[in-house]
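Asker: The lines below spell out each chain.
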Amino acid sequence: MISSFNQPHLRFPSLTHEKNTNHLRPNRNRFIPRIRIPPNSSLECNCRRENRFSDPGQQGNIKRPDLSVRYATAECPTSAISEPGLVGDRLRVLVSEFGSLTEPLDRVRRLLDYAGRLPPFDESSRVESNRVAGCTTQARFRADSDSEITKGFISCLVWLLDGAAPEEVAAVEAEDLEVMNVGFNGRTPSRVKTWHNVLAAMQKRALALSNKKKRKMKKKPLIVPPILPLIVAAEALAGNLPNSQVVDHI
Amino acid sequence: MEGVALKFPPLKLFNPNFPTSPATTVTFSSSSSSSSCSASLPVSATAGKEADSALGTLSLGHLTRPDFPILHQEVNGSKLVYLDNAATSQKPHQVLKALQSYYAGYNSNVHRGIHYLSAKATDQYELARKKVADFINAEESQEIVFTRNATEAINLVAYSWGISNLKPGDEVLLTVAEHHSAIVPWQLVAQRTGAVLRFVDLDENEVPEVEKLRESISRKTKLVVVHHVSNVLASFLPIKHIARWVHDVGGKILVDACQSVPHIVVDVQELDADFLVASSHKMCGPTGIGFLYAKSDILSAMPPFLGGGEMISDVFLDHSTYADPPSRFEAGTPAIGEAIGLGAAIDYLQGIGMQKIHDYETELANYLYESLSTIPNVRIYGPRPSEKVKRAALCSFNVEDVHPTDLATLLDQQHGVAIRSGHHCAQPLHRYLGVNASARASLHFYNTKDDVDDFINALSETVSFLNSFK
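Chains A and B, in that order, give the protein sequences.
Per the UniProt record's numbering, the very first residue in the first sequence carries number 1; after that it's consecutive.
Per the UniProt record's numbering, the very first residue in the second sequence carries number 1; after that it's consecutive.
Quick caveat, the hints were computed from the structure, so don't treat them as lab data.
Possibly wrong hints are sitting among the right ones.
Now the in silico label distances, taken between C-beta atoms and shown as ranges [claimed, not checked]:
id, chain 1, residue 1, chain 2, residue 2, range
1, A, Val179, B, Thr374, 32 to 42 angstroms
2, B, Gly332, A, Ser96, 50 to 60 angstroms
3, A, Glu103, B, Ser464, 12 to 22 angstroms
4, B, His241, A, Ala208, 52 to 62 angstroms
Every residue, glycine too, gets a C-beta built ideally from N, C-alpha and C.
Given the sequences, and given the hints that come with them, work out the whole structure.
Answerer: If you want it as structure tokens, here you go:
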């Protein structure tokens with residue numbers, strides 16, 4: 001798995017095994033969302049802080065921020081086919097909500113609130129045996145990040161795409177969600193726009209599993225849309241450079 | 001049409017907006033022709049006590065800020081506070097004017113032209129080379145090779161000197177705090193030659209362990225590649241001593257001076273550096289130009305790096321002969337205007353005086369460090385400043401439970417404060433420190449303590465804001 005070293009650290013989300021998370025609710029009610037969060041949504045979870053450790057360095061008990069990577073690998077569920085047009089409807093809701101927040105700080109506040117609603121990442125799911133070859137047309141996502149703003153973006157992406165058909169996942173473009181942007185101006189993808197990478201990774205995985213399933217059923221695979229160059233380059237470098245001396249541990 | 005690179009003594013700078021005795025603007029023309037590569041510096045006509053005491057209340061930052069047009073703007077509704085100078089510096093209008101003058105007045109290809117414009121462009125380009133040579137006290141201009149930037153300069157050394165001199169088992173010594181541009185080219189060359197890279201760790205003060213570096217130097221050490229000033233830790237390395245140790249075993253030293261040349265006096269004779277690299281854009285010059293300094297005997301023995309026009313002597317179908325340095329290493333049409341712009345930047349810096357810049361930035365460095373230390377739960381990387389230990393005017397830091405990217409985003413969006421967040425092209429160093437990323441505020445002589453205050457206030461508010469959501 002590739003880490004984007006300089007960015008808010010995250011692993012690109014995988015398709016996950018659906019778990020009923022109804023019983024977990026956010027522990028803050030500062031913000032009443034204008035969108036109704038569906039009862040089965042993975043957004044209704046506590047988000048726990050992890051891994052405090054002390055720093056023996058010169059500043060005594062100052063603790064380093066928890067910048068460890070957390071991600072899930074899991075499987076594609078065998079639940080019912082999702083409702084067509086689901087992503088489109090949710091996208092309109094998101095765009096409308098964020099579009100109404102004209103002050104960038106209000107968008108940040110909204111994202112930070114959503115960050116708190118992202119479900120905790122289950123470390124025990126991070127095993128290869130959780131990968132399941134072949135799946136239905138429904139994709140479920142879990143993801144995490146150590147940057148709160150990015151976590152907010154991810155929370156919205158998860159809500160947007162969780163339970164959607166891979167084709168619908170693939171059809172979403174980063175430009176559709178530009179209204180959510182805070183801080184980063186400009187249209188060219190840059191390595192700072194982590195959440196663009198998250199979206200691209202979700203799309204890639206959704207289509208990969210869909211292709212796998214279709215190959216199993218001896219159908220013609222979907223054409224995978226072009227992936228953002230950053231991700232392709234990063235993954236290509238990690239896997240393909242012969243005798244690479246990329247520093248990964250000293 | 002010969003020109004002269006003037007070595008300017010430190011001059012008093014006068015802020016035209018400050019009501020004191022009348023000032024005179026003096027234009028220093030660096031060639032016999034007019035307007036080509038001049039540095040216009042406002043100079044106090046009277047240097048008496050009255051002027052002194054009036055000027056004494058203004059810092060170097062306040063005095064030089066008017067020269068930098070880009071600093072006088074608002075971003076996202078707030079006054080710009082630019083604290084990302086280690087990434088790139090801003091340019092005084094003298095440099096902008098030099099670029100404009102070149103392209104508007106005498107842009108022409110260099111070295112082989114016969115006509116007037118070409119001759120003038122060639123003169124100014126070579127004059128810029130001489131200015132660089134004088135700036136770092138090289139013995140002669142021919143020891144300066146213009147490159148695109150310091151990264152290309154290091155690659156030049158790696159692919160030219162490294163490939164032809166490194167054998168299997170030879171050692172290249174670096175530190176874990178090196179910039180990627182100082183590491184990756186040597187990884188690539190080590191793969192091809194069988195040389196071994198060795199990295200020195202940090203000590204308890206978060207500075208490369210100099211004693212360990214000394215002990216690691218052996219007969220196998222063919223090259224030591226070290227920064228002069230760290231772009232993350234803000235620490236200085238004793239280059240002069242390291243050079244002596246490596247020369248004693250017959251090795252060479254390559255100094256990454258990107259963060260030192262713009263800020264302190266750098267004298268390659270005193271350092272006894274074999275190779276030294278720097279980038280123009282970090283020293284108030286334009287992007288697209290940098291340089292390699294190398295001792296002339298080393299440069300003469302190095303094979304070409306890039307091949308093409310300009311670097312040849314004769315070209316046949318089956319072989320070519322090559323020019324002497326520095327042309328041997330400058331293939332193709334160079335960044336002529338940019339080199340001239342770099343020359344103008346050097347004129348500007350010399351006009352202030354590098355020692356004066358260093359002294360002021362030391363004061364700023366201490367102020368930044370002490371101010372940042374007042375923020376709760378902040379962790380600043382690198383040594384604590386003291387009488388013995390100097391820091392550059394930058395701080396890389398983290399705040400507990402707050403991602404640096406979130407900090408940088410809100411500092412920009414809500415306060416107009418520009419800092420950097422990431423690994424600052426030092427992934428091995430961050431891995432060593434146990435973090436993925438850090439925030440970094442880095443200053444230059446046109447920053448002021450007011451900028452530091454604005455930054456600290458904005459940081460404090462941002463941290464409180466982000467913590468309120470936890």
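Asker: In ascending order, which of the hints set out earlier in this document are inconsistent with the structure?
Answerer: none
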